[in-house]
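J.: With chain A fixed as given, assemble chains B and C onto it according to the hints.
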Amino acid sequence: MAIIGFEEKEFFASGHRACAGCGEALALRHIMKAAGEKTIVAMATGCMEVVSTPYPETAWKVPWVHCAFENAAAVASGVRAALNMKGDKETNVIAIGGDGASFDIGFGALSGAIERGTKFLYIATDNEAYMNTGIQRSGATFPYAATTTSPAGKIIPGKQQPKKPLPFIVASHGVKYVASASVANLPDLKAKVQKALKVNGPTFLHVYVPCIPGWKIDSSTTIEIARKAVETNVFPLYEIEDGVLKFTQKPAEKKQVESYLIMQGRFKHLTPELVKKIQGYVDARFAFLEGIEGKKCFDVLY
Amino acid sequence: MAEKEKAEKVVISGADAIACAVKLCRPKVLPMYPITPSTLVPERLSEFVFNGEMKAEMIHVESEHSAASALYGAYATGVRGFTATASQGLALMHEILPIISASRFPAVMAVANRTLSGPLNIWNDHSDAVSERDQGWIQLYCESAQEAFDTTIMAYKIAETERVSLPVMVCIDGFALSHVYEPVQIEGQSKVDAFLPPYKPHNFLDTSDPKTFGAVAFPNSFFEFHEAEEMAMQEALKVIPKVNEEFGKAFGRKYGDGLVELVEMKNAEYALIGMGTLVGTSRVVVEEMRKQGEKVGLIKLKCLRPFPKDEILQACKKLKGLAVIDRHASLGYEGALTIDLKAALKDEKVKVEGFVAGLGGRDIDVKRLRAAVETIMKGEKGYWLK
Amino acid sequence: MKKQKTKEQAQSGISKTCPGPMVFSKGAVISEPGSTMKYKTGNWRTYKPVIERAKCIKCGICWANCPDAAIKKDSDGTFIVDYDYCKGCLICDKLCPVKAISHGVEQK
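Chains as they are written, first to last, in this note's numbering: chain A, 1 to 302; chain B, 1 to 386; chain C, 1 to 108.
Extracted from the complex, chain A is given alone in its bound form (with noise of 0.2 Å):
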């Protein structure tokens, strides 16, 4: 059964502890809509691993599991391989990591697996720092936003690096399948999952999820965000299979990056300067993405 298209039946269940407007648990109840009963997920240490599992309850309806927070990776190779060795060849493995786990300390664990050809999906939900522990700058942390170890200073005002790419880090291991995806469109978000998963091989999916206390925002308005990160072009909706991008939702007429910046209080310390500097980085960005679209850009080995 399903309703407006999407799954009816909760693999993530109600009463789990994520914050009201959490858009990364809303992330997680549509992959896991899309991907269906047949799957094992390995996460990583994360708000969503502590929010989902406080003993004796679960939230998850699916075979779930949790080791640490660099190896959600590695502990799902190690189930793929048992599954492999029982004969399952039916059975989804989805690793779940979120940014800290997935570009900065799980970084080793991730390519490792898809180096290995590893038939698994990889999420990396993106909320752009360490929430769990507090709001710490992670390596996908927006340039400028304010966290609680990039604070709004003085001399420096926030994160002074752009994102790491890594996207297009994992799709340059010959990944047959990555995609980014967002809250913003959930329907695209399920057709990225169910594509992923159809692949005999390692694919990776990029998902951007707000976070309402690490971006200092109303909890009502975690899909508004969403979509003006979209709509800006922060965050742009594409897929690279077969090594060729293809947006999968382009705005009709790119915003102003400044509509999505005004709206957070992560970036309330921003000067008219560095707004410019935002948009150019992003404008640089979606001007890269433009320029490879439609074109061979990453070998295919898996």
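Simulated from the structure, these hints should not be mistaken for lab results. Here the structure is a predicted model, which is why all the values come from computation and not from measurement. Honestly, I wouldn't trust all of these hints.
Stated by the list, open to error - Simulated pairs of lysine to any residue, SDA-like, Cα-Cα distance not exceeding 20 Å:
(1) C:Lys94 / A:Ile225
(2) C:Lys94 / C:Lys108
(3) A:Lys119 / A:Ile4
(4) A:Lys268 / A:Glu258
(5) B:Lys317 / B:Ala343
(6) A:Lys255 / A:Glu290
(7) C:Lys38 / B:Ala217
(8) C:Lys73 / A:Lys268
(9) A:Lys216 / C:Tyr47
(10) A:Lys38 / C:Gly34
(11) A:Lys9 / B:Asp206
(12) A:Lys86 / B:Met58
(13) C:Lys73 / A:Glu8
(14) B:Lys342 / B:Gly379
(15) A:Lys89 / B:Gly78
Claimed, not checked - Sample of chain C residues lacking proximity to chain B, with all beta carbon distances greater than 10 Å (derived):
(16) Ile30
(17) Ser75
(18) Asp93
For every residue, glycine included, the Cβ atom is placed at its ideal position computed from N, Cα and C.
T.: Relative to the frame of chain A, chains B and C by itself:
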């Protein structure tokens, strides 16, 4: 290739002996990462798998941390697994070790004991494994290649005994045993199958019966999970001797009572105690000194965790002095084994002295061990046996 | 394994979230899928969204965008809030295309 049904005697290294035993135990998932001096184990297992002699999936992980993590994933999915490591590799696994044991996964791992850097040193001492003694893993130390082979098979049986359900580390001295060639009786497959039945866990990741592994335990439950592990450790003290006996009946070899082996301890006044290959050298010392009329004995500590306190107490009741050989130093205090023994024997008349020896591959020869015994016979203090 | 709740556990604020005595499973495995539903997050609410049935066009946008799966489809096809779990984030209120959802401060 047909499975070998008949036992055969071959001359192989300690590491090879472990690989041969692992093959006979039929693990399904082998996450492996090379590190000296344990590398011979994954090399041999790779040959078995790549030549079709063993049905298992090798996972060529990118680090030991991922080796332990993939082993965790395999056990969560309900299959038997195996990995091997040493030194920095074991240290890198440190984070995952207590998670495997708290999850009550009966994993087996071989450790070719090597010191920890720095300075960088690839040679043997027990710093790597001894540093992990608090992580809920049963630790069994071996003296010979045959014992390494036999202990590996016993390790699975001990670990998978329902009331234990704890992981086991099979420790062999790096180079001194891992790379030393000795005659080893390789048992036939059907005999090993009869001794070690297929692994059938109650809980595993299964889409038809979804369960959650690795939940968050708050202060209202964490303590109880650790208490349960401690109870399982105490059960292991009973199960290990039982498995040792069963192994003896099935294969004609056993190792003391499985926890400790006593050599010339009946009327001994002074004794040496240690783990691993230094026990072999200690046997020579005891034999020599006995010939010279000294009442000297030897306790081989096979099982460091759980600590066989009762067996040690019993063995040391009539002793005047005990020389503890620690192939490891707990910097800032005494060797870990010395600390354990002093605590265990605090109400006994025996005087316990610790001797740190063999760090970073330094030889532990007859002369040094004899010096340790003579020191306690004179009632003098223990020291670093450089 | 102990099955009785100790006095300390009974007094612990956390154990109150779990009805009945705590059972310590081997390896902390949880065998009851979706059991967080025993814990009602409805009392977290500051604001209470209300769906006006007459205005509802049955589009399901509120249902799809709820991070807590706290909106249910009713037998007539309209959507209703499950106040046992609704945390009052008001994403639904914000997204409803026909303004069928309003909110007020939760009366406790």
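J.: Next pair to validate is A:Lys268 with A:Glu258; report whether the Cα-Cα distance is within 20 Å.
T.: 11 Å, holds
J.: Assess, step by step, whether the Cα of A:Lys38 is no farther than 20 Å from the Cα of C:Gly34, and give holds or violated.
T.: Roughly 16 Å between the alpha carbons, so the hint for A:Lys38 and C:Gly34 holds.
J.: Against the 20 Å threshold, does the CA-CA distance of A:Lys255 and A:Glu290 hold or violate the hint?
T.: 17 Å, holds
J.: Straight-line Cα separation of C:Lys94 and C:Lys108 no greater than 20 Å?
T.: Given pair C:Lys94, C:Lys108 is violated - Cα atoms ~23 Å apart, limit 20 Å.
J.: Mind checking the alpha carbons of A:Lys86 and B:Met58 for me, to see if they're no more than 20 Å apart?
T.: Answer holds: A:Lys86 to B:Met58 is near 14 Å, not above 20 Å.
J.: Is it true that the CA of A:Lys89 sits at most 20 Å from the CA of B:Gly78?
T.: Distance ~16 Å between A:Lys89 and B:Gly78 Cα, so the pair holds.
J.: Is it correct that the beta-carbon of C:Asp93 has no partner in chain B closer than or equal to 10 Å?
T.: At about 31 Å from chain B, C:Asp93 clears the 10 Å cut-off, so the statement holds.
J.: Are B:Lys317 and B:Ala343 close enough, with their CA atoms no more than 20 Å apart?
T.: 14 Å, holds
J.: Within a Cα-Cα threshold of 20 Å, do A:Lys216 and C:Tyr47 meet the stated pairing?
T.: 18 Å, holds
J.: Do the alpha carbons of C:Lys73 and A:Lys268 lie within 20 Å of each other, as the hint requires?
T.: With Cα atoms ~39 Å apart, C:Lys73 and A:Lys268 exceed 20 Å; violated.
J.: For the pair supplied as a hint, A:Lys9 and B:Asp206, is the alpha-carbon distance within the 20 Å limit?
T.: With a Cα-Cα distance of about 19 Å, the restraint between A:Lys9 and B:Asp206 holds, given a limit of 20 Å.
J.: Please confirm whether C:Ile30 is truly not at the interface, meaning its C-beta sits more than 10 Å away from all C-beta atoms of chain B.
T.: 4 Å, violated
Consistency note: the structure conflicts with the earlier hints numbered 2, 3, 8, 16.
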